[in-house]
Every structure is written in structure tokens, then in C-alpha cells.
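Chemist: Sequence:
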Amino acid sequence: MNPKKLITYAKNAQNYAKAKYSNYPVGAALLTKDGVVVKGCNIESKAYPTTLCAERVAIFSAIAQGFNNFKALALITNDGAFPCGSCRQIIYEYTDNILIYIGQNNDKKILEVHINDLLPNPFGK
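For the record, in the sequence shown the residue sitting at position 102 is 102 according to the numbering used here, with numbers rising by one throughout.
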């Protein structure tokens with residue numbers, strides 16, 4: 001699947017984000033090696049530490065559905081942000097140096113980066 005199409009799935013997921021405290025909606029789309037796309041969005045809580053990022057929602061949902069092999073992950077935010085440290089650790093642990101596409105609303109550029117480049121020294125390695 002091309003990066004633009006995967007970003008489109010992430011954009012769709014972003015529409016479902018529950019970001020009423022941060023006003024920072026994030027969408028994610030995880031492509032399995034079977035060609036299935038599993039979407040995730042950030043979901044916030046008043047108990048802020050219990051908030052889940054879109055990347056983790058997508059990965060945990062995929063695992064709960066029985067998927068364990070992933071090909072690519074697309075993210076979209078309003079400003080093209082990279083995954084937070086907690087998400088980088090989860091992405092590292094549950095994927096095999098996955099390719100991450102990072103998109104920004106109102107910008108057609110898509111950045112490409114591998115998780116090993118974002119997290120060269122993961123916890124527990």
C-alpha cells in the first residue's frame with residue numbers, strides 16, 4: 001500500500017480522536033503484513049496518565065485481533081509530530097523495525113522513518 005493511502009486511513013481515524021483536553025487529535029493506521037489496516041486514535045481521560053496515544057491504540061487493537069506482523073505505520077497530526085517516547089518503545093517492542101509515515105494536515109509531504117532511527121537505544125535492549 002502506498003504511503004498516501006495509509007495516511008488517508010490515519011486521517012479517517014483522527015476524526016474519531018477524543019482529545020477534549022489537549023485539543024490535539026492524532027490518527028494512526030497500522031498495516032499488517034497480511035494487508036489489513038488497523039486504525040487507532042488518541043483517547044484522553046481526565047486522569048491524564050491513563051490517556052492512550054493513537055499509535056498504541058492501533059498496535060494493541062491489532063494484537064487483540066490476532067495480528068502480530070506489521071509492515072508500516074502511518075500517523076497524522078495537525079503539525080506533523082513524531083511519536084512520543086512511550087509510543088516509540090511500544091512500536092520498537094511489537095514491530096520489526098517498522099517504517100513509519102508521518103503526515104501533517106494541510107501538507108502533502110510525508111516523512112518516512114524507521115523506528116530504529118527514532119529509538120536507537122530502547123529500554124531493555
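Just so you know, these hints were derived from the structure itself, not from any lab.
Quick caveat: nothing in here was measured; it's all calculated off a predicted structure.
Any given hint could turn out to be false.
[As the list claims (entries may be wrong)] Label-pair restraints from in silico Cβ distances:
hint: 1; residue 1: G66; residue 2: N23; range: 21 to 27 angstroms
hint: 2; residue 1: L111; residue 2: S45; range: 17 to 23 angstroms
hint: 3; residue 1: C84; residue 2: K11; range: 15 to 21 angstroms
hint: 4; residue 1: P49; residue 2: N2; range: 19 to 25 angstroms
hint: 5; residue 1: G124; residue 2: T51; range: 30 to 36 angstroms
hint: 6; residue 1: K20; residue 2: N68; range: 29 to 35 angstroms
hint: 7; residue 1: T50; residue 2: K5; range: 20 to 26 angstroms
hint: 8; residue 1: P49; residue 2: K5; range: 33 to 39 angstroms
hint: 9; residue 1: Y16; residue 2: C84; range: 17 to 23 angstroms
hint: 10; residue 1: S45; residue 2: N2; range: 32 to 38 angstroms
hint: 11; residue 1: K5; residue 2: A81; range: 17 to 23 angstroms
hint: 12; residue 1: G85; residue 2: S61; range: 17 to 23 angstroms
Every residue gets a Cβ at the ideal spot worked out from N, C-alpha and C, and that includes glycine.
Chemist: Are the hints correct? Go through all of them and say.
Modeler: Okay, the hints, checked on the actual structure:
For G66 and N23, the Cβ-Cβ distance of about 34 angstroms falls outside the hinted range of 21 to 27 angstroms, so the restraint is violated. The hinted window of 17 to 23 angstroms between L111 and S45 is violated, with their beta carbons roughly 29 angstroms apart. For the hinted restraint 15 to 21 angstroms between C84 and K11, the CB-CB distance of approximately 20 angstroms keeps it satisfied. Our hint of 19 to 25 angstroms for P49 and N2 is violated, since their Cβ atoms are close to 36 angstroms apart.
The beta-carbon spacing between G124 and T51, approximately 23 angstroms, falls outside the hinted interval of 30 to 36 angstroms. Between K20 and N68 the beta carbon distance is about 33 angstroms. The supplied range of 29 to 35 angstroms therefore holds. Our hint of 20 to 26 angstroms for T50 and K5 is violated, since their Cβ atoms are close to 32 angstroms apart. Separation of P49 from K5 is about 34 angstroms and conforms to the stated range, judged on CB atoms against 33 to 39 angstroms.
As the Cβ distance of Y16 to C84 is approximately 19 angstroms, the hint placing it in 17 to 23 angstroms holds. For the pair S45 and N2, the supplied restraint of 32 to 38 angstroms holds, since their beta-carbon distance comes to about 35 angstroms. Roughly 21 angstroms separates the CB atoms of K5 and A81, a value that falls within the hinted 17 to 23 angstroms. About 21 angstroms separates the C-beta atoms of G85 and S61, a value consistent with the hinted range of 17 to 23 angstroms.
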